[in-house]
Structure formats: C-alpha cells, structure tokens
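*Asks:* Residue numbers (numbering that gives the first Met the number 0), protein chains in the order written: chain A, 0 to 240; chain B, 0 to 240.
Keep in mind the hints are simulated off the structure, nothing from the lab.
Wrong hints could be hidden among the right ones.
[Stated by the list, open to error] Here are some chain A residues pointing at chain B (derived, C-beta under 10 Å):
hint, residue
1, 20
2, 27
3, 50
4, 92
5, 117
6, 136
7, 148
8, 149
9, 152
10, 158
11, 198
[Stated by the list, open to error] With a straight-line cut-off of 25 Å between C-alpha atoms, the simulated SDA-like cross-links for lysine to any residue are:
hint, chain 1, residue 1, chain 2, residue 2
12, B, 97, A, 158
13, A, 97, B, 135
14, A, 97, B, 158
15, B, 97, B, 161
16, B, 97, B, 133
17, A, 97, B, 155
18, B, 97, B, 37
19, A, 97, A, 205
The beta carbon of each residue, even a glycine, is placed where N, CA and C say it ideally should be.
Listed below are the residues making up each chain.
Number of protein chains: 2
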Amino acid sequence: MPIRFILVAPSHPGNVGAAARAMKTMGVEELWLVAPAQYPHPEATALASSAADLLDRATVVDTLSEAVQGCTLVLGTSARLRTALYWPVMTPREAAPKLLEAAVDGPVAVVFGTERTGLTNADFERCNALIHIPANPAYESLNLSQAVQIVAYELRCAMALPRPEARRLVPLAPAEELDRLNAHMGQVLAAVAFTDRAGGGHLERRFARIFGRAELDCHEVNMLRGLLASVLVKARGGAES
Amino acid sequence: MPIRFILVAPSHPGNVGAAARAMKTMGVEELWLVAPAQYPHPEATALASSAADLLDRATVVDTLSEAVQGCTLVLGTSARLRTALYWPVMTPREAAPKLLEAAVDGPVAVVFGTERTGLTNADFERCNALIHIPANPAYESLNLSQAVQIVAYELRCAMALPRPEARRLVPLAPAEELDRLNAHMGQVLAAVAFTDRAGGGHLERRFARIFGRAELDCHEVNMLRGLLASVLVKARGGAES
C-alpha cells in the first residue's frame, strides 16, 4: 500500500517511535520525516518496539515539498478547523477510502504537523484537502502518535471493505506537476498584470488552492498548462492581435 | 456518558497517563484501575497532560469483579482471537453503538488487559462479549493507550450518529445480578449432581458464558432464579415428588 505518513518537524523522538508502532500495527509502513529534531534516537527505537524496522527505513527530507513528490493525493491533518476554510475537510473515515482509491495510481500521503502547533498554513498549501479527527470539543489535544493511530486504523478498516470496480482512466497529477502548474499560473498573473491589494503571492495561493482541491488528473494539468502557455504568448508578444 | 474504561493490572504508569489523555480527547471520562502496579505516579501525570484530572478521579479497586459492579454490558478487548470461541466477537465500530445504547440504562464497561499478556480467561468470564481491533496480522501488538484511543474514538464517532428511538422496556441486568445467578446455578448443578469429567467449575463457567452472552434483562434473571429455586426445593426436599 503506497501510503506515506509524513511527520513534519516532530520534536520528540518518543512520538516518532510510537507513531511507527501505530502505523505498523495497521499495516501502513512508509514513514517520512521532514526535518525531525532528532533522528535516529534511542528513545524512538525503544517506543517503536518491534516496528523499529519501519523507523530504520524512514525517509528523512528537509522540506514537505520533497516529501510529497510524486504524490497524487496529499491530505493534511488538522486539530483546529480555523484554517479549514480554504480546503475541503473530511473525517478519517471519509479520507481512508479516498486514499486507498488514489493509491492505486501511485503514492499518496497523510501529513501530520509538529506536536505543539500542528501544520502551518504553508504546509496546508501543499495539501489537497484536510482530515479533521472528531474529538471532545473541550479537549482536542490528541498526541501525535494517537492521531497517526486513528488515521492508520481507518485505513485498515477501509481495506477490509469491498472496493468499487471503477478505475480512474487517467492518473491524478502528482504534487510536482501541480507545482509547475502553479508556477506557470504565477507567470500568467504577472504577464496580464492581474493583481490584488494583498500582494505577496496572495492571489497565487488562492488559485493554487483551487487547483489543489480539484483533484486534477495529468491530462487536465496538461490542458490547463496549454491554455496558460497560449495566454503567455498573447500577453508577451501580442503581435498578431 | 456512563462508560467505564477499566485497565486491568497496568504495569507502566506512562501507559495509564497516555490512556487517560486518549480517553479525554474523545470525551470518555470514567477511568477505573484494577490493581495498577504504580498509582499515582509522576510519569502517568506527565503523559496525561491536561487529562490529569481524569487520572486523579480514577477509581482504583483490587479485582475486576469490583470494577464491573453495576455494569449492564461489559466488553473485553482481545488482540488474539484464540479465546474468542466462547464469546461473541465484535469490532470497535460494532461495539460503540451497543455501548451507547446500553449506557442509557446504567453504567457499561470496556476492559483492557495488562500490557504484555492482555486479559486472562478469568477476566473474559466477567465479559458479555469481546472487542477485537482490526490489525496487521503480521504485527498486532497495539500499545495499551492506542487500543484505548481506538475504542474511545469509535465511541466519539458513534455519538455523532442518530440514535434509534426504541428503548429497552426492562434494563439489562447488572454484573452482580449475573454473579448471583451463576452462583445459584452452581448450587443447582451440585444439587442435581450434574457434573462432567473436567470438573473444577468447568460446567459452571460454560453456563455462565451462555448467560453472559444472552444480554439478560433484570426480569429474565429473576425468572431464571425463580426456576432455579424451584429446582433446588425439589432436589433437596423432594418430599412431594
């Protein structure tokens, strides 16, 4: 099952070990660590128990962008819903079959934020949608490994369900193709001088969120980029207009 | 929500603290500890984080029998299915609505075994049915607090679902009434000299399992005990027969 669990900047090695164990009990085995505070670490190995193999095989990278390379579906976990306005929000139970379905075409990812503060808005920009774990409104503070456990458990439950036969004709576009689309869009916005008062990439991010939500397949990304290329030619040259 | 989470002989204070936190995040607040190795303990308090209140309010008893007093439904958690032949087995998702439904009439309980070995057969004898958490067959070793987290999460999810309107006319019999029924049955077996070669209470346990599975209400227990009393009179006196 090519499902990555990406932990962004985990600060406590014990949590990383406990997360590895939680993953392995549910059969999710691809652990990615973005800039972990300490790795490897004996406390992580101790808490991973017999899942230490998964910890040893973890992929360690510097940025979330590297971790989501190739992923056709990236879901970020969020304890609070304040930032959820820009992204579709689903429960772990709703997310699990979506992840399994998309994983048929290639890697997918679930992203977990750092212990104290969770994912940043910049991290959310890398996500297609968010997972919110139902919790006690008076005390929502799930430990990192507990959040990992619940999402992994829902994947395990969803694996046991019959899968729909219908397959996607064209694979979903991986994260780096969306990056290129968003960069291309940025050029177009500049070329046609479409700006707003907020500035600082605000409009670019709004378009990027729309593309992220839209679950674009590879053909659709190519089509959009074809359109953007045509717009650029027109905007920059414009000789024949 | 009068749902007890009973930890039987937890050996690591850290696990007790993490379990308390896991419960509180999902709004399950009644923690019972049966013969904990160490309680209170600073490591438990540390790992409970802001759920330390729940830890402080925990009820500590010596035996599982004391912990299930008054409970109309007692579900034991089991990682292995070897002992499950005698009891109905359900998933956490199936168990959650049953617990909520029974909790309308009075306290119910979920029982978690000690870290290394889980619940004993003697513990299972105190349960109406078992909960088996779906897991990776190659590595089923869930940490205690992770098992607690998953069952509590399913309760949280089930709370959000609409509840059926139909109410039970007679409340389910609490654990101590079943105890008295089982003791009564033991007297009858002796009085009518109904034994088998296994001896040592083997037959008594088999009948107790049947009564445990049957989800008997208070009237049904009274009816059964009335029958048993009649049998005893006949077997002991038998003057008029």
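*Asks:* With 10 Å as the cut and Cβ atoms as the points, is residue 136 of chain A at the interface with chain B?
*Replies:* Residue 136 of chain A check passes; min Cβ-Cβ to chain B is 8 Å, inside 10 Å.
*Asks:* Take the shortest C-beta to C-beta distance between residue 198 of chain A and chain B; is it under 10 Å?
*Replies:* 40 Å, violated
*Asks:* When the nearest CB of chain B is found for residue 117 of chain A, is that gap smaller than 10 Å?
*Replies:* 14 Å, violated
*Asks:* Residue 97 of chain B and residue 37 of chain B: Cα distance at most 25 Å?
*Replies:* 32 Å, violated
*Asks:* Does the closest beta carbon of chain B sit nearer than 10 Å to the beta carbon of residue 20 of chain A?
*Replies:* 6 Å, holds
*Asks:* Measuring from the C-beta of residue 27 of chain A to each C-beta in chain B, is the shortest one below 10 Å?
*Replies:* Where the cut-off is 10 Å and the nearest Cβ of chain B is about 9 Å from residue 27 of chain A, the hint holds.
*Asks:* Can the restraint linking residue 97 of chain A and residue 205 of chain A be considered satisfied, given a maximum Cα separation of 25 Å?
*Replies:* Satisfied, since the Cα-Cα distance of roughly 24 Å is no more than 25 Å.
*Asks:* Given the hint that residue 97 of chain B pairs with residue 133 of chain B, does the C-alpha gap stay at or below 25 Å?
*Replies:* 18 Å, holds
*Asks:* Take the shortest C-beta to C-beta distance between residue 92 of chain A and chain B; is it under 10 Å?
*Replies:* 7 Å, holds
*Asks:* Would the hint on residue 152 of chain A be counted as holding, given a Cβ-Cβ threshold of 10 Å to chain B?
*Replies:* 5 Å, holds
*Asks:* Hinted pair, alpha-carbon criterion (25 Å max): residue 97 of chain B, residue 158 of chain A. Please report holds or violated.
*Replies:* With Cα atoms ~24 Å apart, residue 97 of chain B and residue 158 of chain A stay inside 25 Å; holds.
*Asks:* Tell me if the straight-line CA distance from residue 97 of chain A to residue 135 of chain B falls inside 25 Å.
*Replies:* 20 Å, holds
Violated hints, in rising order: 5, 11, 18; the structure is consistent with all others.
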